[in-house]
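So the sequence lines, in the order shown, correspond to chains A and B. Numbering-wise, the first sequence is residues 1 to 595 according to this note's numbering. Numbering-wise, the second sequence is residues 1 to 595 according to this note's numbering.
Since the hints were derived computationally from the structure, they do not count as laboratory data. Predicted, not measured: the structure shown is a model, and the values here were computed from it. Be aware that a few hints might be false.
Straight-line alpha carbon distances no greater than 25 Å define the calculated SDA-like cross-link-like pairs of lysine to any residue that follow [stated by the list, open to error]:
id : chain 1 : residue 1 : chain 2 : residue 2
1  : A       : Lys479    : B       : Gly72
2  : B       : Lys418    : A       : Pro415
3  : A       : Lys106    : B       : Phe511
4  : B       : Lys479    : A       : Phe521
5  : B       : Lys106    : A       : Glu543
6  : A       : Lys479    : B       : Lys95
7  : B       : Lys106    : A       : Gln522
8  : A       : Lys479    : B       : Lys429
9  : B       : Lys91     : A       : Gly416
10 : A       : Lys418    : B       : Gln558
11 : B       : Lys418    : A       : Ala417
12 : A       : Lys418    : B       : Gln93
13 : B       : Lys418    : A       : Ser92
14 : B       : Lys458    : A       : Gln432
15 : A       : Lys106    : B       : Met541
16 : B       : Lys479    : A       : Leu381
17 : B       : Lys91     : A       : Asn88
18 : B       : Lys458    : A       : Arg366
19 : B       : Lys458    : A       : Gly457
20 : B       : Lys95     : A       : Arg366
21 : B       : Lys418    : A       : Asn88
22 : B       : Lys95     : A       : Val365
23 : B       : Lys91     : A       : Pro415
24 : A       : Lys479    : B       : Arg316
25 : B       : Lys429    : A       : Gln522
26 : A       : Lys106    : B       : Arg366
27 : B       : Lys95     : A       : Gly416
28 : B       : Lys458    : A       : Thr460
29 : B       : Lys479    : A       : Glu543
30 : A       : Lys91     : B       : Thr419
31 : B       : Lys479    : A       : Val365
32 : B       : Lys429    : A       : Gly457
33 : B       : Lys418    : A       : Gly416
34 : A       : Lys106    : B       : Gln558
35 : A       : Lys479    : B       : Lys106
36 : B       : Lys479    : A       : Met105
37 : A       : Lys418    : B       : Lys418
There are 2 protein chains.
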Amino acid sequence: MGGSIMGLGLGSPMARSSSVIHGVIRRFASTRMVDIIGKRIAVIGGVAGGASAAARARRMSEDAEITVFERGPYVSFANCGLPYYVGNVIKSQDKLVLASPELFMKRYNIRVHTNTEVMRIDTRGKVLVVKKTSDDSGESSVWLHPYDELVLSPGATAIKPSIPGIDLPGIFSIRTVPDSEHVRQYIEDTKAKSAVVVGGGFIGLEMAENLHHLGLKTTIIEGLPQVMAPLDAEMIAPVHDRIRASGSELLLEEQVTSFERKDTGGPITVTTAAGKTIESDIVIMSIGVRPVVDLAKAAGIELGRKGGISVDASMRTSQPHIYAVGDAIETENVVSGEHELVPLAGPANRQGRVAADNAVTDRQVRFRGVQSTSVCGVFGLTVASTGLSEKTLKKLGREYAKVYLHPGHHVSYYPGAKTIDFKLLYDPKSGQVLGAQGVGEEGVERRIDVLAVAIQGKMTVFDLEEVELCYAPAYGSAKDITNMAGMVAANFIRGDHPTLHADQVQLGDYFLLDVREQSEFQAGHIPNATNVPLSELRQRMDELPLDRPILCYCAVGQRGYNATRALMQNDFEVYNLSGGFRTYMAAKAANLLLE
Amino acid sequence: MGGSIMGLGLGSPMARSSSVIHGVIRRFASTRMVDIIGKRIAVIGGVAGGASAAARARRMSEDAEITVFERGPYVSFANCGLPYYVGNVIKSQDKLVLASPELFMKRYNIRVHTNTEVMRIDTRGKVLVVKKTSDDSGESSVWLHPYDELVLSPGATAIKPSIPGIDLPGIFSIRTVPDSEHVRQYIEDTKAKSAVVVGGGFIGLEMAENLHHLGLKTTIIEGLPQVMAPLDAEMIAPVHDRIRASGSELLLEEQVTSFERKDTGGPITVTTAAGKTIESDIVIMSIGVRPVVDLAKAAGIELGRKGGISVDASMRTSQPHIYAVGDAIETENVVSGEHELVPLAGPANRQGRVAADNAVTDRQVRFRGVQSTSVCGVFGLTVASTGLSEKTLKKLGREYAKVYLHPGHHVSYYPGAKTIDFKLLYDPKSGQVLGAQGVGEEGVERRIDVLAVAIQGKMTVFDLEEVELCYAPAYGSAKDITNMAGMVAANFIRGDHPTLHADQVQLGDYFLLDVREQSEFQAGHIPNATNVPLSELRQRMDELPLDRPILCYCAVGQRGYNATRALMQNDFEVYNLSGGFRTYMAAKAANLLLE
Chain A
1 MGGSIMGLGL GSPMARSSSV IHGVIRRFAS TRMVDIIGKR IAVIGGVAGG
51 ASAAARARRM SEDAEITVFE RGPYVSFANC GLPYYVGNVI KSQDKLVLAS
101 PELFMKRYNI RVHTNTEVMR IDTRGKVLVV KKTSDDSGES SVWLHPYDEL
151 VLSPGATAIK PSIPGIDLPG IFSIRTVPDS EHVRQYIEDT KAKSAVVVGG
201 GFIGLEMAEN LHHLGLKTTI IEGLPQVMAP LDAEMIAPVH DRIRASGSEL
251 LLEEQVTSFE RKDTGGPITV TTAAGKTIES DIVIMSIGVR PVVDLAKAAG
301 IELGRKGGIS VDASMRTSQP HIYAVGDAIE TENVVSGEHE LVPLAGPANR
351 QGRVAADNAV TDRQVRFRGV QSTSVCGVFG LTVASTGLSE KTLKKLGREY
401 AKVYLHPGHH VSYYPGAKTI DFKLLYDPKS GQVLGAQGVG EEGVERRIDV
451 LAVAIQGKMT VFDLEEVELC YAPAYGSAKD ITNMAGMVAA NFIRGDHPTL
501 HADQVQLGDY FLLDVREQSE FQAGHIPNAT NVPLSELRQR MDELPLDRPI
551 LCYCAVGQRG YNATRALMQN DFEVYNLSGG FRTYMAAKAA NLLLE
Chain B
1 MGGSIMGLGL GSPMARSSSV IHGVIRRFAS TRMVDIIGKR IAVIGGVAGG
51 ASAAARARRM SEDAEITVFE RGPYVSFANC GLPYYVGNVI KSQDKLVLAS
101 PELFMKRYNI RVHTNTEVMR IDTRGKVLVV KKTSDDSGES SVWLHPYDEL
151 VLSPGATAIK PSIPGIDLPG IFSIRTVPDS EHVRQYIEDT KAKSAVVVGG
201 GFIGLEMAEN LHHLGLKTTI IEGLPQVMAP LDAEMIAPVH DRIRASGSEL
251 LLEEQVTSFE RKDTGGPITV TTAAGKTIES DIVIMSIGVR PVVDLAKAAG
301 IELGRKGGIS VDASMRTSQP HIYAVGDAIE TENVVSGEHE LVPLAGPANR
351 QGRVAADNAV TDRQVRFRGV QSTSVCGVFG LTVASTGLSE KTLKKLGREY
401 AKVYLHPGHH VSYYPGAKTI DFKLLYDPKS GQVLGAQGVG EEGVERRIDV
451 LAVAIQGKMT VFDLEEVELC YAPAYGSAKD ITNMAGMVAA NFIRGDHPTL
501 HADQVQLGDY FLLDVREQSE FQAGHIPNAT NVPLSELRQR MDELPLDRPI
551 LCYCAVGQRG YNATRALMQN DFEVYNLSGG FRTYMAAKAA NLLLE
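Could you build all of it, start to finish, from the sequences and the hints given here?
The structure is reproduced here in structure tokens:
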């Protein structure tokens, strides 16, 4: 690898500043020039963050010597696609491998070592101890690799709980292409008919959907009272319904206590803390991931409180010339100011770019931080969120207010409108948008994206009132969901629309007024509610108490708002139940009602 | 109507401030209270803007007397849905009528007069002269209606050019529910098999698609060289292709010079300026709309330079106590600062709200202005834009730069990715986003919405680099299109990525370098281009001229960017062709290449 020769141009600005010398060298040594001058950039980990860093480094410095070390057999693979490869939605493994070491060399002049582990970082000598295991012979070779700048992108590994039987054949986690290949193979070989997925996060749900797609009878076991922890519990009721409607089983607030295979070749018996047993041909563990930090830790690099590698906004670690990006690091949430582990591909890619800029140029480039925008498809539902959830706001002790809406994804008069359950969180003083969550069949990611940009731009609910989005009957409403959410929130702040939430008040303290039509009321209502349809309200106000607060509600909040306006101007103390009967039912399903 | 009695409470804050008196009145005169106190709000025009103003006025003032006068038989109808009702996508006319006068009365205590025209506004006496034509007898009655505050929402009418034969039966325009009913009826009665649509704007294209959907052989005649004028010409090439692929005929840069029916009951002969004749059973005129301003003009209300009613940001006209909203007004484009006619439902609704707030409360509420976000579905393609187009920027003499991208709407490894043709316009100094356009089958409106919010938040391309949107394989890419657009633009501003555009340079002035693979090159390339694939570029740099600027390109721009970076660091004067071969072909199709 010729450390001494490569050292020649280290830190020298010659490469970029002296075009004469440069030109001469180009003429004489055109293709090998990169070995003679330029910084040596080493990247550990060749997936999202690492691959981005390497490619960006090349674009920013043609004469850098860039080397990527990847422990696994593939670089730049589509880890987000793995569940869909298992489910045969993505048919071919080739599709998952976005770039080969050969392509990296040919297109970007980047050397990639796969099946190669960095054993140690010598931060003083700026040298890596590298070990490669040959594909064919299985023999390994060890060498030293000097670097000028180092980017760590080691990623995260699946958490493997110490449950009896966890190492049984047929129990898998999905982090790499070989992992997903093994699962496919195992299902084919054993003709598996049933699966247990432990963990109801993104990957767990994507795996469950894909196993279901393959025809396996699937059971999801989740320790919390809800799947998809980034969203608040009351938003998830339709997700639970959807999972169960698919024919899959969903066990909530359940822990696996053991795995056991009673007969060779037979199913695995999964036993839970509640004493339930499930026979399953295959088990997928997806209870979460843990940042890979051993190498960094051994090199004296500081970790954060969440156990990830600590970096500043330039992606620099505590050790000079060492950067870190991706799932292994802690990064600042721009809405909360807290440092978090955020194992998402989008931020990883952008962090890789920032690290490369800082490593190979003299620019000061900063990463904005994350806001935890995420989306997941679950049996035809889209579940998405951005910013902070209500539970996080509570944990942080931040003041917040919220809005629930349940509109169609486009106008109701155009066929095919699908309801979106939408929640907006905002600062009740400034109106600043703090977070948003959406669940529905269509158009959810679009609205969450709108809110993501609003959060980034530090926009308020007053801005949301005025967003001007794409509207035609098949695409939305003249007042989009995001406009409506802004209007409801802004009305609240202006004092025009006193609202209360089903999970924040004792419903018994209020005169409950259902302003829906009689037929709707009869089909189901909040216990002890009195029905006065909005269309009769002005004629029947004398039936309402002036000496007791009124909590009025309709199906989703709109008629309730009109009723609230009419009543408050007639001297009633009145509040509208945000999100109406639909949010009430969701809060009830999530056991959030106060007793 | 009792003007004198109603006058009692005019301008008096009593209604809101004195709860004692108010309460007493409520007890004794509960249901008719609104007739005794409160402002008299009159609204002319009961569709989008007018209906919004009326409903908002009621929410803000329970004791206002609110009256809506609507010339046509329906209020609050879904005019955006009319083409889809013609096409029987929306099956029932009931779906189009969102609220009846009865509902307005029952739910909102708003009196609606349909089939009622306001003949004159007496601005001094603050009285309207109103004429109602009875549905049954056809007899009409005229009365005076006093107002305290007046909101004009008269809308726009279809432009009817003075072409010989324009009044023939079988020639229609579509602005109202009866219009669309007449077209449906006519098609049914005459068993129409063919249609000509004159005008290729939103409504023209929606009509063409719907007539096609009904099985009519459809011809679109457009005077400009492109349909969908809000977008730039080179973006529209795929739209033209799509229209023609549907089997519809598309005549561009063509004017209709006459309509003629040679035989009674026979088809209409449509003759164009170029001498072409088309036999058609039905003709839809949709060359644009004109604001309805006669009443306003007669009342001495100032008009703007575009012929619409002039209003300030509070929606006030030049006459005290008169507001105007919707298609009839001129409103400020927040990006250009120019006043425009913007006949779109979204702004109309929000303007109605602003006018109502200012009319019935003492608040100072302002309308933000418009940014002309729009979307249209055309034979399965979504065509959307926000902010300013390149042609508008040119007209305004504004400095701008642009980016073209052609990525998939989600990652390519997940099945079903559809290409989006995307264009971003920005300020080349500050990076501020000025406009965006998108065309594609999926995910277009979502990206345009993201850009719409970015424009509203006065965000820059540096902000776009960092937007954090929903990503999972079925929903996008780790670097979203909007990130990519921001990165390309920011790279350009930073000087990292010199780009040129096919419509802005003489291609012959450059050494044209095609860095795609040989097979791609052989399938079609820019004349006189030399092919050196990116993967061979570093080995073959000595084949390239140092004494001549190089314009390199690939399929869509990405490999060209990498090649540009490599070459510029090796002392070549090099530029990347934005959007690559795909944008070049689109510019060529739109006749935008310089000769």
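request  = Kindly indicate which numbered hints from before are broken by the structure, ordering the numbers from low to high.
outcome  = 4, 8, 10, 17, 20, 22, 25, 26 and 29
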